[in-house]
Structure formats: C-alpha cells, structure tokens
Amino acid sequence: MTDVIQFLWPPFLVAVCLVGIHTYFGILVLARKVIFVDLALAQIAALGATVAFMLGHSAQSMATYGYSLTFTLLAAVLLAFTRAWGTRVPQEALIGVIYVVAAATAILLIDRAPQGAEHLKQILTGNILTSGLNDVVVIVPLYAAVGLLHWLLRRRMTGAGSLAWEFVFYATFGIVVTSSVAIAGVLLVFSFLIIPAAIGVMFAETLSRQLTIGWIVGTFVSASGLAGSFVFDLPTGAAMVCAFGAALALAGALYPFLRGDRQRAMRSTIATVRWIGAVILAGSAVQLAAAPRADQPLMDLAEWAIPSLRTLYFTRAEATTYADASEHAERYRREAEQLNETERRNRTQGEALDDFTVARISSFLKSYGEMRKGEQFVVGEVRARARERVRWSASFGLLALSLLIAPLRWRWLLRK
Amino acid sequence: MALRLAFIIALCVLASPGIAQDRVQVVTTTTDLRSLTEAVGGERVAAVSLVPPNMDAEDYQPKPQDVLRLKQARLLVRVGLDYDLWVDRLLAQAGRPEISRGGPAYVDASLAIAVLELRGMSVGPGDGHAHGSGNPHYWLDPKNAETITANIVEALARVDPANATIYEANRQAFLARLNAKLAEWEAKLSALKSMPIVAYHNSWPYFARRFRLDVVGFIETKPGVPPSPSHLAAIVRDMRARGARIVVREPHEPERDVAFVASKTGAQIVTLAASVGALPRADDYISLFDVNVEALTSAAAKR
Chain A
1 MTDVIQFLWP PFLVAVCLVG IHTYFGILVL ARKVIFVDLA LAQIAALGAT
51 VAFMLGHSAQ SMATYGYSLT FTLLAAVLLA FTRAWGTRVP QEALIGVIYV
101 VAAATAILLI DRAPQGAEHL KQILTGNILT SGLNDVVVIV PLYAAVGLLH
151 WLLRRRMTGA GSLAWEFVFY ATFGIVVTSS VAIAGVLLVF SFLIIPAAIG
201 VMFAETLSRQ LTIGWIVGTF VSASGLAGSF VFDLPTGAAM VCAFGAALAL
251 AGALYPFLRG DRQRAMRSTI ATVRWIGAVI LAGSAVQLAA APRADQPLMD
301 LAEWAIPSLR TLYFTRAEAT TYADASEHAE RYRREAEQLN ETERRNRTQG
351 EALDDFTVAR ISSFLKSYGE MRKGEQFVVG EVRARARERV RWSASFGLLA
401 LSLLIAPLRW RWLLRK
Chain B
1001 MALRLAFIIA LCVLASPGIA QDRVQVVTTT TDLRSLTEAV GGERVAAVSL
1051 VPPNMDAEDY QPKPQDVLRL KQARLLVRVG LDYDLWVDRL LAQAGRPEIS
1101 RGGPAYVDAS LAIAVLELRG MSVGPGDGHA HGSGNPHYWL DPKNAETITA
1151 NIVEALARVD PANATIYEAN RQAFLARLNA KLAEWEAKLS ALKSMPIVAY
1201 HNSWPYFARR FRLDVVGFIE TKPGVPPSPS HLAAIVRDMR ARGARIVVRE
1251 PHEPERDVAF VASKTGAQIV TLAASVGALP RADDYISLFD VNVEALTSAA
1301 AKR
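Protein sequences appear in the order of chains A and B.
Under my numbering, the first residue of the first sequence is numbered 1, with each subsequent residue one higher.
Under my numbering, the first residue of the second sequence is numbered 1001, with each subsequent residue one higher.
Hints should not be assumed to be uniformly reliable.
[Unchecked claim] Here's a subset of chain A near chain B, in silico, CB distances under 10 Å, partners left out: (1) F7; (2) N127; (3) R155; (4) I216; (5) T219; (6) N340; (7) F356.
[To be verified] Residues from chain B that keep clear of chain A, each with C-beta distances beyond 10 Å, as calculated: (8) D1088; (9) A1092; (10) E1117.
It should be emphasised that the hints constitute simulated quantities derived from the structure, not laboratory data.
Idealized CB from N, CA, C, for every residue including glycine.
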C-alpha cells in the first residue's frame, strides 16, 4: 500500500495543479465558445518545437522552448483576430483549421528527419504517471504568475474587450497549455479544461462558485481516476479521461434532481430507463431473427454472466460438445503457455536449449494455436446452430418482453 | 546541336533499363534485410529499404514513392510475422503478382525461422490458418541470419539464375565472417551473465536467447499503450529485489518513462539499436551487433 501511495502522490499533486488553472481557463473558454482552442495551441507549440528540432536543438534546450513560445505567441495573435473574422464563418471552424494545418505541417517537417516522429509524439503525449516533483516545481510558479495576471486584469478578460486583451488571453492560455500538454498529454488536458468547468457552469452562476465546484469535482475525479487505474491495472491517462467523462454523465443525470421538480425528474428517469431497456430487447430480437449466426451481444453478455442460461436452448449433445471444446481450447492455451515459459526460462537457466529443440517448441506452439482455433470454431458453430434453431421462438419472446417493459400507455392505445 | 543531341542520347542510355537491369533491383521493408541482401548480393544487387533507418517499422506510413519502388523491383524481401503488414496494401497497389505473396520473387524472410513466444493469432492476411504471429524481432539472433540469407539467396537464384553460384559463395563468406564475430560477441557478453535487464519494449527475446541475457521485464507491455501504475510499481519492485541495474531502450522509444524507472531504481539507461541505422555506428548487420555488444559491456563494466 505504501508502494501505491509513493507512486501515485506525485501525479496526484500534478493533477491538482492542472485542475487548478485549467478549470479557470475552461470557464472562460466555454463562455467564449472556443472549445478546441487548447488543441490548436498545443499543436502550434509542438510545431515550434519541431522546427527547433529540425534546426538541431535538443528537446530540453532553452532554444526549443523559445521556438515553442514564439510560435504560440504568433498563434495567439492569429486567434485574437479570429473573433473579428469569424462573423460569417464560425470562430471554431477557424480554430479547427489552425489545428489541422499545424498538425499536418509538423508531419511534413518530421518526414525529413526520421527520429523526429518520436520527438513530436513526446510533445503531445505526456504521461502523467511518470510526472513528478520536478514538474510541480516548474508549473506552480508559472501558473501562479498567470493566475495573478488574470486576477489583476479580471475586468478585461470577459471576452468583450479589444484585440489586445484577446491576445493576452490566448497568449497566457497558450503558455499554460504548452507546459501541461507536455506533462499530461492532449486528451487529459482537454478533460481537465472542459469537464470540471462544465460541471461548475451547470450548477452555479458566479465565477467564484463555478470555480469552487470545478476544483472540488476535478480534484476528486482525478484521485478516483488515479486510484482506478491502479486497482484495475489500466493506463493512467486514459483511465482518468474516462473517469472525467463518467463524472460529466453523472452530473448530467443528477442535474434534473438538484435543479428542478424531483418527482417529475424521477418519473422521466424511470421512463427513459424503460425505453432504453425496451429498445435493447427489441433490437436483440430483430438481430436474432435476421442473423442468428451473427454476434448477439445481449445473449452473449447474459450467457457470460450466467453460463447455465445455455441449458435453456442447447440440446444435451450440444451442451456436451460445447463444454468439451471449450475445455480443450483452454488446455491447448495452457500447454502453449507452459512451453513458452520453459523456453523463456532456458534462455538463462540451466543448459541452453539447442536450436533444434527451439525449432521443435516453435512448431509445437504453431500446432497448439491451430488446434485451439479449431476448438474455438466448434464452440462458435455449436452455439450458432442452437441459436438458429430457436431464432423465431426466442426473438418472439424478446419482443414480447420489450413491449412489456416499454412505458406505453396501453389503455390509451387500445381505446384508439 | 550535335553536342546537345549527344548529351540527350547519353542520358537516355544511362537511364535505359539495360543499364539498370545489370544490377538486380531489390526492395526490402527494413534496413536489416537490406544489409543482409547486400551481403549476399554484393555488387550484383541494388537494394533499397522502404523504412528509413531509425524509424519504427511497425508504424511506418508508406509514401507514394514506395509504390514506384515496388513497381520497379525484381525482388521483395519482408520481415513477415505481422511486423510489416503495411507492405501488403502497397503490393496490392503496385499490382505485381511476381513480387506478391506466393510469387517467385516474394521473400518472407521469416520462413523456417524458429519463432519464439508464439501465442494468439496472426492479424495479417493469410490462408486462414492460425499462424500465431510470435515475436517478430528474429534478425536480432545472428544465427538466424543463416536462414534469412538462405531465403534471400534462393529467391535471387530464381530471378537471376546466371549468378546463383556467386550469391551462394557470397553468403558462405558472409556467414564465416559472422560466425567468427559471433564467438567474439558471446565471449564479451558473458560478462552480463546473471545481470538482470529491463527493456522498454519486448524486442530482445532472440538476442537474449542467443547471448543468454536475463531480460526480466518490459516497461511497455503492449505496443502503444502506456504502462499502468501497478505495472510500473511491479517493475520497480522487481528491479530492486533482483538488483537489475540496466534499462534498455531503443532510440525511437520515449525517454520519459525509461528515465522515470531508472531514477527510481538507480539503474543505467542503455540505448541499443534494434535495427541497422538506428544508431550512428550501426550501419550494417555486423556493426549493429558490435554497437549493441559494446554498449552493454561498457554499461556492465561501470557497475
């Protein structure tokens, strides 16, 4: 357990810093309706770093940072103008164009320098798991300075100001995004920016309350994402992004309960759940009737959870064949795994296996693979035939169940 | 006028297929196969590799010129084992049955290689059989060069039968040189016996088997998927427990994650080339091993 905490607290600290500044910028970005501006700025900064790399500067040098910063500031000028230009064409479209052109230009540039591909990837896909105190030391003063500047200029940052104030907004935002994307990657930074801010905006009116809600939610969701990634053994960044997505969905589901008539919300929630269930059942009925040999997600899921459901429609012979084939497939997998393990152990332990023995192991493994695939084919075929046999009766049953669940007003329908 | 005419004629002659066909045009997918093709073909082949040096061949994005190269090729040599799947689409575009799967001038260099770590199914197009794909980095066992060069020479003899004996003689000379080197590398790497090593990506099973190196873990368990915290914690714990002092990475692999593991365990980072050209001095098949053996032995000596 101490191991876990030792591993997870530096990324958690980094996440808290990122949530702190990005929730604030997120609220401004949502108000201005420039949702994807962070992607455009990150891509421009990456383009700057790529140019520096092409000119022979190393990844961590001041020169590279200088190029990134210059490109970001130039992009900020461009972005400040987009609102004035975006009268006929939406501003978001222009931001999208900046993003794709910057990304494509960077690809064209690194095509000339092969080792640049990984370089570019590293700028845009940070890994929050391997971030640490050395990152915190850099970002805390930077974000504090940006935050202070914005607090001093708080009356100018409403989005209604002149070109110069627009430039200040995009430039400071660009500086923040450039550093955060290198630490946490594009996907996670986008989640930090939009989701806590969106939840804050959903439940509060004033900036200070929106910020407070965003910070609390962001910190809590970051912690649960990190913990989930440890417990379920998942890549950290992706797990955190999904945790943020789930938080937004939950907030959306809770919204009608917290901000309206609770009884009505309850009624409409139940109706929605019933409709979803009915549509899934009806869809499965149609799928089974139309293509009984194809995948049947609902039936597969039900049988995976309760394998004894198969006895409902398998004959005894089918059940025996099915169990037999599954067992053999598993046995071949285990034997292949054992052979692999023996070979691996012998690379360093005991007498080395000669090339002939290794070739024999290799061909055994191939045969096990073939045999396993054969057994898996039998499993699939037995199930497909059984389903084909019961296609009409089972799909009729599913359809009836679907009608039963659907919140239809039967009396009203019958009277008509 | 006469001068200009002479110049144009000279250009035409130089560019004519007559001259170009003097040397057998071979296209290989990777630089390793190019180096081995050059070793057996000598002056009689002109080999180009589609993947430039120091680029990850598994995620290579083909370019229009590559189709042109395939259209002009008389022989194609590929790694196989799902390593260079992208070449199948290029071959379909090039529309040359003789260098496509099943054709006389198509070489899947993995033919007859004793493949390690076979599990699961191949994702590539094939004949419907379950060829588990296995670990594709088989050229990193110098002994496998015997099989790879045999596959290449067999196909070269089919497309250029007149020079078949020369190709086989070249191959024998190359293998003799390689075997002498192999003994030298084995002697040097015996210093790393019972010295556990962690690698970023599982590129080294063939290399490890030949030189009896103990690769105890990988930072990246699936290509392109960042490691999970419990996996990283396990790696660090394992390295501390077993006293692993070396972390191996390839030049195209992310520095950050490797540096993180190294800083937690006090291990050294050793950059190895898994392909010819990935490091400056690894410019052919033999120097590839020279560079790697040198890097590993000097890291082991520093302990």
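>> Just want to verify: D1088(B) was marked as not at the interface with chain A; is every Cβ pair farther apart than 10 Å?
In response: holds (21 Å)
> If you take the shortest Cβ to Cβ gap from T219(A) to chain B, is it below 10 Å?
Replying inline: Hint violated; T219(A) Cβ to chain B Cβ min 18 Å, cut 10 Å.
> For A1092(B), which was marked as not at the interface, is the minimum beta-carbon distance to chain A over 10 Å?
Replying inline: Consistent with the label, A1092(B) stays out of reach of chain A, its closest Cβ about 23 Å off (over 10 Å).
>> Let's test the interface hint: is any C-beta of chain B closer than 10 Å to that of N127(A)?
In response: This interface hint holds because 5 Å falls under the 10 Å limit.
> Hint check: is the beta carbon of N340(A) less than 10 Å from a beta carbon of chain B?
Replying inline: Check passed: Cβ of N340(A) comes within 6 Å of chain B, closer than 10 Å.
>> Is the interface hint satisfied for F7(A)? The criterion is a beta-carbon contact with chain B at less than 10 Å.
In response: holds (5 Å)
> E1117(B) clear of chain A by more than 10 Å, beta carbon to beta carbon?
Replying inline: violated (6 Å)
> Does R155(A) pass the interface hint, meaning its C-beta sits closer than 10 Å to a C-beta of chain B?
Replying inline: At about 40 Å, which exceeds the 10 Å cut-off, the nearest Cβ of chain B leaves the hint on R155(A) violated.
>> Is the interface hint satisfied for I216(A)? The criterion is a beta-carbon contact with chain B at less than 10 Å.
In response: For I216(A), the interface hint is violated, since the closest Cβ of chain B sits about 24 Å away, which is over 10 Å.
>> Take the shortest C-beta to C-beta distance between F356(A) and chain B; is it under 10 Å?
In response: holds (9 Å)
Consistency with the previously given hints fails for numbers 3, 4, 5, 10, ordered from lowest to highest.
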